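Asker: Given next are the chains, with one letter for each unit.
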Amino acid sequence: DAGVIQSPRHEVTEMGQEVTLRCKPISGHNSLFWYRQTMMRGLELLIYFNNNVPIDDSGMPEDRFSAKMPNASFSTLKIQPSEPRDSAVYFCASSAKVDQPQHFGDGTRLSIL
Amino acid sequence: LAKTTQPISMDSYEGQEVNITCSHNNIATNDYITWYQQFPSQGPRFIIQGYKTKVTNEVASLFIPADRKSSTLSLPRVSLSDTAVYYCLVNRPGAGSYQLTFGKGTKLSVIP
Chain V
1 DAGVIQSPRH EVTEMGQEVT LRCKPISGHN SLFWYRQTMM RGLELLIYFN NNVPIDDSGM
61 PEDRFSAKMP NASFSTLKIQ PSEPRDSAVY FCASSAKVDQ PQHFGDGTRL SIL
Chain A
114 LAKTTQPISM DSYEGQEVNI TCSHNNIATN DYITWYQQFP SQGPRFIIQG YKTKVTNEVA
174 SLFIPADRKS STLSLPRVSL SDTAVYYCLV NRPGAGSYQL TFGKGTKLSV IP
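Same order as they appear, the protein sequences are chains V and A.
With the first letter of the first sequence counted as 1, position 70 gets the number 70 in this note's numbering; the numbers rise by one all the way through.
If you count the second sequence from 1, you need to add 113 to reach this note's numbering.
Among the hints, erroneous ones may be present.
To be verified - Once the Cα atoms are required to be at most 30 Å apart in a straight line, the calculated DSS-like pairs of lysine-lysine come out as:
| # | chain 1 | residue 1 | chain 2 | residue 2 |
| --- | --- | --- | --- | --- |
| 1 | A | LYS116 | A | LYS167 |
| 2 | A | LYS116 | A | LYS217 |
| 3 | V | LYS24 | V | LYS78 |
| 4 | V | LYS68 | A | LYS217 |
| 5 | A | LYS116 | A | LYS165 |
| 6 | A | LYS220 | A | LYS167 |
| 7 | A | LYS217 | V | LYS78 |
| 8 | A | LYS165 | A | LYS220 |
| 9 | A | LYS182 | A | LYS167 |
| 10 | V | LYS24 | A | LYS165 |
| 11 | V | LYS24 | V | LYS97 |
| 12 | V | LYS68 | A | LYS116 |
| 13 | V | LYS97 | V | LYS78 |
| 14 | A | LYS220 | V | LYS97 |
| 15 | A | LYS167 | V | LYS24 |
| 16 | V | LYS24 | V | LYS68 |
| 17 | V | LYS97 | A | LYS116 |
| 18 | V | LYS97 | A | LYS217 |
| 19 | V | LYS24 | A | LYS217 |
| 20 | V | LYS24 | A | LYS182 |
| 21 | A | LYS220 | A | LYS116 |
| 22 | V | LYS68 | V | LYS97 |
| 23 | A | LYS182 | A | LYS165 |
Unchecked claim - To give an idea of the interface, some chain V residues facing chain A are shown, with a C-beta separation under 8 Å as derived from the structure:
| # | residue |
| --- | --- |
| 24 | PHE91 |
| 25 | ASP99 |
| 26 | GLN102 |
| 27 | GLY105 |
| 28 | ASP106 |
What the hints assert, rightly or not - Label-pair restraints from in silico Cβ distances:
| # | chain 1 | residue 1 | chain 2 | residue 2 | range |
| --- | --- | --- | --- | --- | --- |
| 29 | A | TYR164 | V | GLU44 | 41 to 49 Å |
| 30 | V | VAL12 | A | THR142 | 45 to 53 Å |
| 31 | V | HIS10 | A | GLU171 | 30 to 38 Å |
| 32 | V | GLN100 | A | LYS167 | 14 to 22 Å |
| 33 | A | SER194 | V | PRO8 | 21 to 29 Å |
| 34 | A | ASP124 | V | ARG41 | 40 to 48 Å |
| 35 | A | PRO153 | V | PRO61 | 21 to 29 Å |
| 36 | V | GLY16 | A | PRO178 | 50 to 58 Å |
| 37 | A | SER192 | V | ASP106 | 33 to 41 Å |
| 38 | A | ASN170 | V | ARG64 | 26 to 34 Å |
| 39 | V | ARG22 | A | GLU171 | 28 to 36 Å |
| 40 | V | ASN71 | A | LYS165 | 36 to 44 Å |
The hints are simulated quantities; they were obtained by calculation from the structure and are not laboratory data.
On a predicted model such as this, the values are computed, not experimentally measured, just so you know.
Even glycine gets a Cβ: it sits at the ideal position worked out from N, Cα and C.
Can you make the complete structure from the sequences, with help from the hints?
Answerer: Below, the structure written as structure tokens:
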């Protein structure tokens, strides 16, 4: 079991640039979650998918953020244009069912200069 | 969704039992409680989950009183490697939707 795989592990870019974060969930898991973690706000749920369909995106901060899940083995979180306040660690998690324990990736540490 | 309240930090010596209490006063009938552990530079890791009374696994125990307005995570005989942030969550399943929220967590420091 490879676990949830996120890429890149670290990303440093200038404000205004487009940022794409990637996630490969555990095979067979039907639910996928995107989180953002900062010191000030802690761990926040941004959006989650069930069977590749976005169910709740109420945590997505602005229209600059978008997430897709084109198939059961891949999801992206995109920020366009990026801003310094988007700097955070972004985690992806998956679970067998939406209310089952989640398995988290190691996160992407994003720094927007 | 039920808001959770936990102590910001706790210290403990190695070998002691540690109890971390979480308050969730407005927990609903169908809500259940889940605890996660997070080490630096890693994602959270599931520890234990329960609905009422007591749940025990190889890592921890979870105590939930009858009114379910709080829960206590118990870690037996902690070691230095248990130093981490512990999060209490209230999960609310629903028809076609699912709500959960992480609190700020409790930073546990285990001292030699």
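Asker: Among all the numbered hints in the text so far, which are the ones the structure does not match?
Answerer: 10, 15, 20, 29, 34, 37 and 38
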